[in-house]
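K.L.:
Spelled out from the first residue to the last, the chains are:
Number of protein chains: 2
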Amino acid sequence: MTSLIEALGTRRVLQPNGALPQAATALDVELPLQPYEIEVDVETLALDSTSFRQLSEAAGGDPAAIAEAIMAIVTERGKMHNPVTGSGGILTGTIRAVGEDYPDPPPIGARVVPLASLTLTPLKLESVGEIDPGSPHIPVSGTAFLPSPVPWTLYPEGVSFEAALAALDVCNAASQTRELIDDRTRTVLVLGGGHAGLLAMAAARDTLSRGTRVVLIDASERICRRASDLELCDIALQADLRDAVGSLQSLEQAGVPRADLTIVVVNATDCEAASLLLTADHGDVLFFSMATSFTKAALGSEGVASPARMIVGSGYSPDRGAYALELITRDERLQAALAEH
Amino acid sequence: MTSLIEALGTRRVLQPNGALPQAATALDVELPLQPYEIEVDVETLALDSTSFRQLSEAAGGDPAAIAEAIMAIVTERGKMHNPVTGSGGILTGTIRAVGEDYPDPPPIGARVVPLASLTLTPLKLESVGEIDPGSPHIPVSGTAFLPSPVPWTLYPEGVSFEAALAALDVCNAASQTRELIDDRTRTVLVLGGGHAGLLAMAAARDTLSRGTRVVLIDASERICRRASDLELCDIALQADLRDAVGSLQSLEQAGVPRADLTIVVVNATDCEAASLLLTADHGDVLFFSMATSFTKAALGSEGVASPARMIVGSGYSPDRGAYALELITRDERLQAALAEH
Chain A
32 MTSLIEALGT
42 RRVLQPNGAL
52 PQAATALDVE
62 LPLQPYEIEV
72 DVETLALDST
82 SFRQLSEAAG
92 GDPAAIAEAI
102 MAIVTERGKM
112 HNPVTGSGGI
122 LTGTIRAVGE
132 DYPDPPPIGA
142 RVVPLASLTL
152 TPLKLESVGE
162 IDPGSPHIPV
172 SGTAFLPSPV
182 PWTLYPEGVS
192 FEAALAALDV
202 CNAASQTREL
212 IDDRTRTVLV
222 LGGGHAGLLA
232 MAAARDTLSR
242 GTRVVLIDAS
252 ERICRRASDL
262 ELCDIALQAD
272 LRDAVGSLQS
282 LEQAGVPRAD
292 LTIVVVNATD
302 CEAASLLLTA
312 DHGDVLFFSM
322 ATSFTKAALG
332 SEGVASPARM
342 IVGSGYSPDR
352 GAYALELITR
362 DERLQAALAE
372 H
Chain B
32 MTSLIEALGT
42 RRVLQPNGAL
52 PQAATALDVE
62 LPLQPYEIEV
72 DVETLALDST
82 SFRQLSEAAG
92 GDPAAIAEAI
102 MAIVTERGKM
112 HNPVTGSGGI
122 LTGTIRAVGE
132 DYPDPPPIGA
142 RVVPLASLTL
152 TPLKLESVGE
162 IDPGSPHIPV
172 SGTAFLPSPV
182 PWTLYPEGVS
192 FEAALAALDV
202 CNAASQTREL
212 IDDRTRTVLV
222 LGGGHAGLLA
232 MAAARDTLSR
242 GTRVVLIDAS
252 ERICRRASDL
262 ELCDIALQAD
272 LRDAVGSLQS
282 LEQAGVPRAD
292 LTIVVVNATD
302 CEAASLLLTA
312 DHGDVLFFSM
322 ATSFTKAALG
332 SEGVASPARM
342 IVGSGYSPDR
352 GAYALELITR
362 DERLQAALAE
372 H
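Chains as they are written, first to last, in the working numbering: chain A, 32 to 372; chain B, 32 to 372.
Fair warning: there could be bad hints in the mix.
The following label-pair restraints were derived from C-beta to C-beta distances [stated by the list, open to error]:
1) B:285 to A:132: 18 to 28 Å
2) A:140 to B:84: 50 to 60 Å
3) B:46 to A:72: 47 to 57 Å
4) A:286 to B:161: 50 to 60 Å
5) B:237 to A:349: 31 to 41 Å
By construction, these hints were calculated from the structure, which means they are not laboratory data. Remember, it's a predicted structure, so these values are computed and weren't measured experimentally. Every residue gets a Cβ at the ideal spot worked out from N, C-alpha and C, and that includes glycine.
Work out the full structure, taking the sequences as your base and the hints as a guide.
P.N.:
Here it is in structure tokens:
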């Protein structure tokens, strides 16, 4: 019987003492497969864009130097946890072996995508393949060990590789948006029209009843037009959300009431006040953007005298990204948009 | 007729353009009293504990240096908004003047406590008085301007000054804990036994039905003993919450299940993973501590595979601190504890 603590992968934590894999500075990848783990033959590391940009810049764009840097990080830390950006990404591979206590394991040889950040995934690399300086998807040969609490999904058929990874990377934007919508939800406001925003809008469209409204606010005219062209929103407003007052004025000019549900997926900082100001007093704000500041949100509610409920977007995917994959499988144009960088 | 935007105090924002007072880097305190404002003759700044701790440490505990730092911040920013911690606190004073459009104003000369963070309150200081290095309550002489959406309460009678300020500063810890408890809540876990923790425990005690459990975890044996002596918790566990695994082991050894509701009011950093690990999958985590990191919470849920709902504690007090004041008025020992530092 594996304890929760073991199952979280603590046995592979070399330091610091008592840390969980995410907080660990080094993981032990020499330890053999544990009974509560699956072993993955790793094919691709899909680095998060922040990490890949940093590595490319540090290497002057030289593919060989990027490869060396990746190998060096993984060798030192036992995970692809970029020490500069603190971020990771996800991986894909095939199941090589299954521990005897692993519940409902995927079949040996199955191609899977673990829904866990590389910042907490024990990883060993034999080699790094040919790197395309324009793509954060790194071909590698290596081994990863996934403890049973880490969700995984079978590699989705009939979906492009780029779109699948992009959707799985932010899949909770879809499932958490769906969870927060109920039959009293009339207006859903999505702040930021990037990958997560596209999925949030698609989820709102899919979940909302008739006579409701999906509104996008983004600083980019191109992003606004894309969402309108994809018919993912009823209204797309171009506004700088760092300007809370101007954003509310744009909403008022468009004749849109303050939202029942606001999904914050904008990558810019200092949008917390606008997020609250644009939300009705009875509403919910889901902060999904990693650019969110906790104190600015907590104090922002005071700044705009808002009793709206503020929820922290979660990185954990109980649905294993199923809903996000369903949405992009249903809508080829959405899928194509997610494949764009 | 004052618009919502004006009423939020935007006219006093010097920069950045379009920002609300909380996000502003500088507020205009030379502007005369506006029709939708009240002017307060400020007596005391009750700094939040995170801010006061940072100022004390930076000043090596020297009262004069702490006073200088406070004066420097207020002079530069037009508010007591600690640039390092991002946090503030509250103030107390008497009403000096009332704008003609201010709805239901307090009488001139009334002693009030505005329930707004110092991070968004336009403040001008003539002087900072004698600082007690052990107390975050700073005697000052100055002027504050409060726009109408800012809740305020008349200074409570029959409650000690220290206790009232301490309670009002963190009053939402009480009201939000009460809101999050329902008839399925069996175990409430409070992380951190300081002022906010005491109020959260008192609120849980007051709200929970029979056969339920209030558990405190704090690193300090003294704090644990105090809570037990006050009969605010059933179990008090001494543990370092930065050690997530060790904290869960302490909970398991005490025979306590993972909590239905966890109130995070610990003013140390890196406790996000433990907060989630100690909470049941169906549970709620209320992050009320200003030491919370948004990204550590969002990624932490992945690191501990937790689907628990994470809520950002709000600084806005629709009940004007009434519930917190009610709790300390009812319990003299709790009131005395809140008066301690």
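K.L.:
Run every hint past the structure and note whether it holds.
P.N.:
Here is what the structure says about each hint:
1. B:285 to A:132: 18 to 28 Å: For residue 285 (chain B) and residue 132 (chain A) the Cβ distance comes to about 27 Å; the hint holds.
2. A:140 to B:84: 50 to 60 Å: Check passed, 55 Å falls within 50 to 60 Å.
3. B:46 to A:72: 47 to 57 Å: With a Cβ separation near 55 Å, residue 46 (chain B) and residue 72 (chain A) satisfy 47 to 57 Å, so the hint holds.
4. A:286 to B:161: 50 to 60 Å: holds (56 Å)
5. B:237 to A:349: 31 to 41 Å: holds (33 Å)
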